[in-house]
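Protein chains in written order, with the numbering used here: chain A, 8 to 251; chain B, 8 to 251; chain C, 8 to 251; chain D, 8 to 251; chain E, 8 to 251; chain F, 8 to 251; chain G, 8 to 251; chain H, 8 to 251.
Hints are not guaranteed to be accurate.
Using 27 Å as the maximum straight-line C-alpha spacing, the simulated BS3-like pairs for lysine-lysine come out as follows [to be verified]:
#1 LYS93(C) <-> LYS121(C)
#2 LYS84(B) <-> LYS83(C)
#3 LYS92(G) <-> LYS93(D)
#4 LYS80(A) <-> LYS92(A)
#5 LYS176(C) <-> LYS119(B)
Label pairs and their in silico Cβ distance ranges [as the list claims (entries may be wrong)]:
#6 GLY148(H) <-> ALA73(G): 49 to 55 Å
#7 GLU64(B) <-> ASP173(G): 44 to 50 Å
#8 LYS84(H) <-> GLU69(D): 34 to 40 Å
#9 LYS92(A) <-> SER77(C): 55 to 61 Å
#10 SER108(D) <-> LYS81(A): 48 to 54 Å
#11 ASP96(H) <-> LYS170(G): 47 to 53 Å
#12 VAL104(G) <-> ASN123(A): 55 to 61 Å
These aren't lab readings, by the way, just hints derived from the structure by calculation. All C-beta atoms in this analysis are idealised placements derived from N, C-alpha and C, irrespective of residue type, glycine included.
Number of protein chains: 8
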Amino acid sequence: MDESRIRNILGSIQSGRLSIDAAFRKLRHLPYEDLSFAKVDHHRHIRQGIPEVIYAEGKREEDVVAIARSMYKKSKKFLITKASKKIYDGLKIKNAVFFPSSGTISIGEDKKKKGNILIVSAGTSDIPVAEEAAVTASFLGSKVESIYDVGVAGIHRLMDIRKSIDSAKVVVVVAGMEGALPSVVGSLTDKPIIAVPTSIGYGTSLGGLTALFAMLNSCVPGIAVMNIDNGFGAGCLAHKINIL
Amino acid sequence: MDESRIRNILGSIQSGRLSIDAAFRKLRHLPYEDLSFAKVDHHRHIRQGIPEVIYAEGKREEDVVAIARSMYKKSKKFLITKASKKIYDGLKIKNAVFFPSSGTISIGEDKKKKGNILIVSAGTSDIPVAEEAAVTASFLGSKVESIYDVGVAGIHRLMDIRKSIDSAKVVVVVAGMEGALPSVVGSLTDKPIIAVPTSIGYGTSLGGLTALFAMLNSCVPGIAVMNIDNGFGAGCLAHKINIL
Amino acid sequence: MDESRIRNILGSIQSGRLSIDAAFRKLRHLPYEDLSFAKVDHHRHIRQGIPEVIYAEGKREEDVVAIARSMYKKSKKFLITKASKKIYDGLKIKNAVFFPSSGTISIGEDKKKKGNILIVSAGTSDIPVAEEAAVTASFLGSKVESIYDVGVAGIHRLMDIRKSIDSAKVVVVVAGMEGALPSVVGSLTDKPIIAVPTSIGYGTSLGGLTALFAMLNSCVPGIAVMNIDNGFGAGCLAHKINIL
Amino acid sequence: MDESRIRNILGSIQSGRLSIDAAFRKLRHLPYEDLSFAKVDHHRHIRQGIPEVIYAEGKREEDVVAIARSMYKKSKKFLITKASKKIYDGLKIKNAVFFPSSGTISIGEDKKKKGNILIVSAGTSDIPVAEEAAVTASFLGSKVESIYDVGVAGIHRLMDIRKSIDSAKVVVVVAGMEGALPSVVGSLTDKPIIAVPTSIGYGTSLGGLTALFAMLNSCVPGIAVMNIDNGFGAGCLAHKINIL
Amino acid sequence: MDESRIRNILGSIQSGRLSIDAAFRKLRHLPYEDLSFAKVDHHRHIRQGIPEVIYAEGKREEDVVAIARSMYKKSKKFLITKASKKIYDGLKIKNAVFFPSSGTISIGEDKKKKGNILIVSAGTSDIPVAEEAAVTASFLGSKVESIYDVGVAGIHRLMDIRKSIDSAKVVVVVAGMEGALPSVVGSLTDKPIIAVPTSIGYGTSLGGLTALFAMLNSCVPGIAVMNIDNGFGAGCLAHKINIL
Amino acid sequence: MDESRIRNILGSIQSGRLSIDAAFRKLRHLPYEDLSFAKVDHHRHIRQGIPEVIYAEGKREEDVVAIARSMYKKSKKFLITKASKKIYDGLKIKNAVFFPSSGTISIGEDKKKKGNILIVSAGTSDIPVAEEAAVTASFLGSKVESIYDVGVAGIHRLMDIRKSIDSAKVVVVVAGMEGALPSVVGSLTDKPIIAVPTSIGYGTSLGGLTALFAMLNSCVPGIAVMNIDNGFGAGCLAHKINIL
Amino acid sequence: MDESRIRNILGSIQSGRLSIDAAFRKLRHLPYEDLSFAKVDHHRHIRQGIPEVIYAEGKREEDVVAIARSMYKKSKKFLITKASKKIYDGLKIKNAVFFPSSGTISIGEDKKKKGNILIVSAGTSDIPVAEEAAVTASFLGSKVESIYDVGVAGIHRLMDIRKSIDSAKVVVVVAGMEGALPSVVGSLTDKPIIAVPTSIGYGTSLGGLTALFAMLNSCVPGIAVMNIDNGFGAGCLAHKINIL
Amino acid sequence: MDESRIRNILGSIQSGRLSIDAAFRKLRHLPYEDLSFAKVDHHRHIRQGIPEVIYAEGKREEDVVAIARSMYKKSKKFLITKASKKIYDGLKIKNAVFFPSSGTISIGEDKKKKGNILIVSAGTSDIPVAEEAAVTASFLGSKVESIYDVGVAGIHRLMDIRKSIDSAKVVVVVAGMEGALPSVVGSLTDKPIIAVPTSIGYGTSLGGLTALFAMLNSCVPGIAVMNIDNGFGAGCLAHKINIL
C-alpha cells in the first residue's frame, strides 16, 4: 500500500465521506508492513549497520561485475569479498582497490576513520582471513592496525605488540591450528576480543573446527567467536563495537 | 498502542483539529505491531494449527499441574507430553486420560474425528514414541489407527497391514535401530509418509542419529522426517495433512 | 508362475483329474509373488505416486539420453534431475524444457494443475534446490508458486509473502546456513511445512548438517524435514500432500 | 627476585662497587618477570576486566564457602556461578543474593550502573543461562534489562521488544533448539549482538551444538558467539562492550 | 484367509458351482500372505536360523519372566540376554543357567554340539561380550571354546593359542580400546574371523567407535565386523557359519 | 638364521664337538623366527587364505604393471583391484580380463568353482562394489551368482530372487543410501549374510557411514558388516565361508 | 614344550639314535614360543618398562584388594589407579599411600629417584590427571616436580616456572578446555613435552576432544600427545624418556 | 629499548645524576621484553630445539625458493617439507638433496650423527610420512634407521626387526588403516615409542582419525602420539628424545 492510499482514507474522514469506525477498520486491516517496514527499509543501512556487500563466491564473474557497477552508480561505494583478480579487472572502476591475499575489492570508503581496531594473526597462512577483516572494518569506517605472524610458538613476539593492544578499542585475533592465540592475547588485556578460527591445519584441525572449539573454550572469559574463516563477520562486529 | 489512541487520531481529523499530513505522520510512526500483530494474536490457534500444549519435561510437577488446571478452566482441554503418573494424580481432573507408555495426558479432545491416520511402529521399544504421536493427533481431532511391532525382521507382518495403509490418508512410521521400516512401507504406497526415528538401539545407533540419517536417505522419494523421538511433532504434522 | 499354470490347476480340479487336497497343496506352495506382486507391478505408478524419474548424476551422458528417449517413446513424459546442458542438447526432443539453475529437464507434464504449492527460498544460492522442488512438483501435476531470496536477515520481506502463504495448501521452505527460515515461516501459518536444508554455507555449516539439525529442532511443531539439497524429494512430498 | 635485590645492584653502582658493564650483565640476566609481571599482577583487575569469580561446579561446597568468605573479607565483593542453595546457606553473609534459576550468588556489586545491556531469551528453559549473563554483567557494573520467552515460534512477541532493543547498547540473545533467535533479532538492529546457544533440545540438538553452529552461520553478519550455556562469558563480553 | 476358504473355492470348481475364470479371479485377489507367508511363519526357525530370544534390557523384570515361562512351556528352551540375577531368581525354572558376567540365561540347548567355534577376547573387561557370544552360539547348538585375556600388549600369549585357532572352524575376536586383536589373529589364520568391538576404553575410544572403525579398516582382508558390544550377534553369525 | 646353521649345530653334537648343554644354549638363543616364522612364510597362501592381490589405487601405473607381470611369471595368476583401463592395456597379458565397472583385472582363476555365493546389490550405482566382490570371490575359486538393482523401493523384485537365495551358501548384500536391503534380505533367510555399505548417497549419507551404521544396527541378528565400498573384503570373506 | 624335551632330542643326536635330518625336522616344528617367548616372559619388566599395574575402574573392590595383596606378597610393590578410598581401607597394608585427588595407591617405589620430570597443570580441575602422572612416574623410579594451576589466562605465572622447566629432562603439561598450555610451554623450551588433554570443560570441549585436537595441532613441533585424562600413560612415557 | 638506554640509566646512577629510587622506577617500567626476550631470541635454536624449517605447502614456489636461498646464505642449512620437484629445481643449490616420496629438501645437516632412531612403517603408502620423519631427524643431527612395509597382516616380518628395535634409543612407528602396529611394536620393547597415524585408508578410516584414536587407546601404556601424517613432528620429537 502506498502513501497515497492512506492519505485518501484520512481525506475521506476529513471530508466526512468515511466514518471513524469504517476508517479504523480499513486501517486495521492494512498490511502492517506498508506502514512500518517500508520506512525501515529506507533506513536499512542504519538498521543493520552493514551496507550491502557482494559475496562473490559461487556467483558468475559477469554477474558480480554487473551488481557492483550498479551499486557503484547509486552510492559510489561497495565491498566485494571472495573476489578474483578477473572480477577486479572486469570492473574497470578507477580507484577500486584489490586486496590479493583475501580477494577483497573495495571502493568509496570514508576517509575519516573512527576509533581503533587491532587485528592480530598467528601464521602467514592466516593472513587472508585477517586481511578480509581489516578491509571490511576499514570500508565501514573504522581505523585498523594489522600485525601479522604473531604465533604462540614465538610467544615473545606477542609481547612486542602490547603497546598496540593498549591503544586499540577492540582486538581481532585470527588463528588456525590449535587456536591458542586469542587466549594468550586475552590474558594480557581487558579489551573486547573477537576470535576468528581459520581452516589452516591438517589432520585433527578438522578444517578449523578444532581452533573454533578451542576459542569457544578459552579460559579467558568473554571472548567473542566467529565462524571458521569468517574475516568479513569479524570486521563487521569489530566495527560495530569500535563505533560505540 | 491501544485502539482508542488510533480512534482519537481519526476523530481529530474528522473534527478538523488535525491535518491529514499531521495525522499521516502520526500513523506512520505507530509501531506496526499495534495494527497487525495484535490481531494475529487473536487467531493464534488458527495461525499455527496447534493449540497450547504443555511440555512437562524439565518443569516442576506442581508447575505443570497449575498450568494445566488454568488452561482447563479457560478452554476445557489440554495435552501434556512427557508427564509422570504423579502429575496425572495431582491434576484431579475427571475424564483426563493418562497414557503410561508415552507419559501423555489428554482431556477435551473433539469427539468427531476427521480423516484417518495410520501409525506403524517397528519394535516394542518404539511404542512410547508411536503412542505420543497417536495421542497428539487424536487430541487435535484426527482419527488414528495404530499398529505396533511391525519390524523389518518380520517383514511378512508388514504385508498384513496393507489394508490399513490403503484406507489411511497419511502414514506415520516409527522405528529405531537401522530405521529401515519407512522405506519398506514407502515401497508399498503413494500416501504421504512421516518417518520418526527413535533413540532405540546401541553402539552405532548413535542415540537415534543412524535411524534419522537412514530415513533422510530413503530410496523412496518424499518421506517427511522428524527429529529423534519426536512423536509429538509427527502427530502435529500428520494432523495438519490429515485435515487438508 | 504365469497365469496359465494356475488356470491349469483349476482346470484339473474341474475335470476331476486333481483332488481338492492335491490342488490346495500345489497352490499353497506357489511362490506368492506370482499371485500378488505381479499385479502390484501393474499399478506401480499408483502405488508409489512418483512415475519413473531419471537421476542423471553419476550416469554417462549418452546413457541418460538413451533412457530418456526410450521413456519418452513409451509415455511421452519424463523428468531428469541433476542433468547437464549437454544432456539436454543430446536429447533433441522438441518441447523438452531445461532449467539451468537446478539442471532439471522436463517434458509431458499435465497442463491441468491441481492445488497450490508455495516454494520459498532464503538466499540466491538456495535457488537450484528450490527450482528442483518446483519443477518436480509441477511435473507431477501440482500448481506451484515460487518466491526466492526471502532471508531471515531481511525478515520484513517475509511479511510481503504472507498472502502467498495464505493461498497455498502446503509450503516448501528451502534454506542453508543457519536454516532458520522454516521456523519463521512456520510461526505465521498452520499449513504443512516442508523444510529443505541446503549445503550452502561454510565452516560450521558442515555441508548442510547444521541447517538440517536446526530444522529438525524447530520450536514450531510438526515441520517435515528432507535430506540436504533434496529438492526432488520435497517436490514429491509437496505434491503428495497437495493432491489430498 | 624482590625489589631489594635490584636496589642493591643500583646501590653498588652508585657506590662504585660495581661497574656499569657488570651491573648491566646482572640486570640483563634477571628473570624479566621480576620487573614487569609483578607489576602487572598488581593491576590484574584492570588487565583482564573481570575480577576473580568463583566457579562452584566440581568444587566441594565447604571449599567454595571458604574461598568466598576470604574473598569477601579482602574486597567486600564476589560472584559465585553454578552454586547450590546449600552453598548460599553456608555463606551466612548478609546482603548476598542468591539467584535460584542459574545458581548464581552475588554481593558487592556497584550501585552506579553504566550503559544498558538487553538480554533476550527464547524459551523458559533458556532462563538459567540468561539469568547468569544478567547477574554477571550487573555484578561487573552494567545496567541490564532482561526479556524472557521471546521465541521464534511466537515471532510477533519479538516485535514488542523493539523499543528495548533500540535503547540498548549491546544485546545478548540466548536460545536453544534451532538457535534462530539471534538471526531474527539481528535483522532488526545494528547493535552488537552476543549469541549464547543453550543445551536445550533433544535428538539432533546434539547438546547445543546445533544451536551453536546455527548461530555461527547466521546470515546476519558479525554476531558474536559464545560456548554452549556460557551465560557467564556472555555477561563478561556484554559488560566489556557496554563500558566502551 | 484361512485354509478352509481356499478349499471352499476349490470345492466350488470341482462341483461346477464356480467357473475357472471366476475362481482364478478370486484366488488372484487373495491377499498373497495367506498363501505364502503363513507357511513361512510355520518355519520361522529355519528361515532366520535364530529361534526367538528375549532381550531383557528395557523390559520390566516381571514381563521378562512371564515371556520366558510361556516360551519354556511351548518349546522347553529359551535364551535371555542382558538379564539381571533378579530375573533369573524369578524364573524358578530348574536347570536354567545364569551367566553372571554377561547376564545371559539359557535353558534347553541341544546336548549334541556341532563344529567348533573359538572365542578370543582381549582384556578382562571384554569378557561379558565374549561370554554372551559363547552362550548364544552354544545355545544354538555349536561347540564353543573360549580363551580370555589375550591382549596385543602381551602378544606372545596369542602365540600360545595358535593350536586352538587351527582346530576351530570360525574365530570370534572380542576387543575394546584400539581394537587391534582381530588384525593380529587374522594374520595367523585363513579361517573366517568375526570381530566384535567393545565399548571398553575412555577418551578417544568414543564408546567403542574407535575399535569398530579399526576393525573395519583391518589390513587383513575379509574380517566380519559386528556392532559395538554385540556378543549376541557374533554368536548368531558364528553359529550360522559353523553349521555350514 | 638359515637352515644350514642349525644343521651345523646338530652336526657338531653328532660328531661330539659340541656338548648337549652348549648346543641347547645355542639353540635357545636363536631368534625364534628362524625356526618357526620362516616356515610359516612358506605357507603364506594357506595361512591367510588370500593369495597376493595388487591394490592399484595410489600406485603408479607402470609399477602396477611391473608387479603384476612378475607375479604372473611366478604363479600364472593375479588379481588387481581399483585398476584403470590404462593399466590393463599396459599389461599385454593374453586372457587377462578387465571388469570396467569396478576396475578389476583378473587372470588365472581356477576353472573348477566351489560352492555358491549370491551377490545382491540395491541400485545401479552400487554395481562397482558388487562386481569387485564377485570378481574377487570368483578369482579365489568360488562360484558366484550376481543379481543387481534389487532396491527396497521396489521390494517385490526382492521376492523374485528368493530362489537364488535358497540355493546359495552365503549371501553378499551391497547397498548405499539408507542401507536397508541387508535387513530385508536377512528377514527371508538363515544363510550367513555379508553386508557391504557403499558411499552412494548425499547429504546425511555421510559418505556411506549411515548405510554402515544402519547395517551394524540391523534388527536381523548376526549380519557380517564390511567397511564402506569394500567389495574386495566381502569377496574374501564370502569365499572363506563358502569353502567351509 | 619344556627344556627337557629339547635336551632329549639333542641327546638322541649325540647318542646316534636320531639323524641330523630327523632332529632338524623335529626342532623345526617345535612351537617357536617354547624357545623364545618363554624366555621373553621372564624379562617382562624389562621388555615393556612398566611392571604390572592394577586398573581399578570397573573391577569389584574386593577383587582389586585381592590382586593387590597377592602382588604385594610376590614383589612388595604395586600401583593401583582409579581406586577408591574404600579399596585403600580394605588393603590394610602398612606404608601404602593413597592419593585422593587421582585415586591412586602406591607402595614399594624405589627410594633412589632418577632424572627429573616436571609436571605442569593448567587449572585446579586438572590436578587429578596431573597427580596420576606424578605418582606413576615416581612409582617407576623417576624424580618428579609438580606445579599446578598455571593457566594461559594467567600467563605471567608460567614465566615463574621457567627455572623448573630448565632443570627438567622432560615436561608433562596437563590441560583441559582449549588445551593451549602445551603450546605456550613448548614455546619456551626445547625439552621433550608430553601433553595430556583432560575432559575438563563443557559444551564444545566435547569431553576433552577439543583439548586433544588442539594439542595435536600445536604450532610447536614435536609435542607428544596422550589420550584424554591419561595421566598414567603420561607418567609411563615421561619415565621412559627420563631414564634414557 | 636498546642496550644503550639501560647503560645510560646505569651511568646516570654512577655519575650521581640519578638517585637509586628514580633509577629503580625507570627500570621497573621498562618493557620487560627488552631485558629478557631479546636475549632469548638470540638463543632461539637452543630454546625450541628446531631451527627454522620451511613448510612449502600453500606457499608460492618462488617464495619458498627465495626464503630457502636467504636462509642458506645465513646459515648454510635448511629443511623444506611438502616441497615439489619444481621447488628443488628452482633452488639450484649444489648438494641440496630432494626426497621424492615425502617431498622434503635438505641441506647442511651435521655429518656427525648422534644416538639411534628406528623408524618403522606399516604399508608402502605410509612411506612418505615415514621418510619425512627420517629426513627431519637426520637433518637435526640424529642417526636414523628406517624399515618400511612391516604390516600387522604380515606380523612375522615384525619379528625380523627385533634386533633393530633393541639397538634403537627411540622408535617411530608410522601406520594408517587400523593403526595397530604401534601396539604390536610396543608389546616387544620398553623403548619410548612415537606413533604417527597416516591418512591411508578409506571409509571408516576417516582420513586417519581411526588410526589416531586407535593409537591413543593403545593397551600398551605410554605411547606418544602425533597428528595425522605429521612425519615432521615425529622427527622433531624423536630427535629431542634421542639427544637426551
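Verification of the hints:
1. LYS93(C) <-> LYS121(C): Violated, at about 32 Å.
2. LYS84(B) <-> LYS83(C): It is violated: about 54 Å lies between the C-alpha atoms, which goes past 27 Å.
3. LYS92(G) <-> LYS93(D): holds (25 Å)
4. LYS80(A) <-> LYS92(A): holds (21 Å)
5. LYS176(C) <-> LYS119(B): Judged against 27 Å, a Cα distance of about 23 Å means the pair holds.
6. GLY148(H) <-> ALA73(G): 49 to 55 Å: holds (51 Å)
7. GLU64(B) <-> ASP173(G): 44 to 50 Å: Since the Cβ atoms of GLU64(B) and ASP173(G) sit about 56 Å apart, the hinted range of 44 to 50 Å is violated.
8. LYS84(H) <-> GLU69(D): 34 to 40 Å: For GLU69(D) against LYS84(H), whose Cβ atoms are near 60 Å apart, the range 34 to 40 Å is violated.
9. LYS92(A) <-> SER77(C): 55 to 61 Å: violated (48 Å)
10. SER108(D) <-> LYS81(A): 48 to 54 Å: holds (50 Å)
11. ASP96(H) <-> LYS170(G): 47 to 53 Å: holds (49 Å)
12. VAL104(G) <-> ASN123(A): 55 to 61 Å: Holds - the Cβ-Cβ distance for VAL104(G) and ASN123(A), about 57 Å, lies within 55 to 61 Å.
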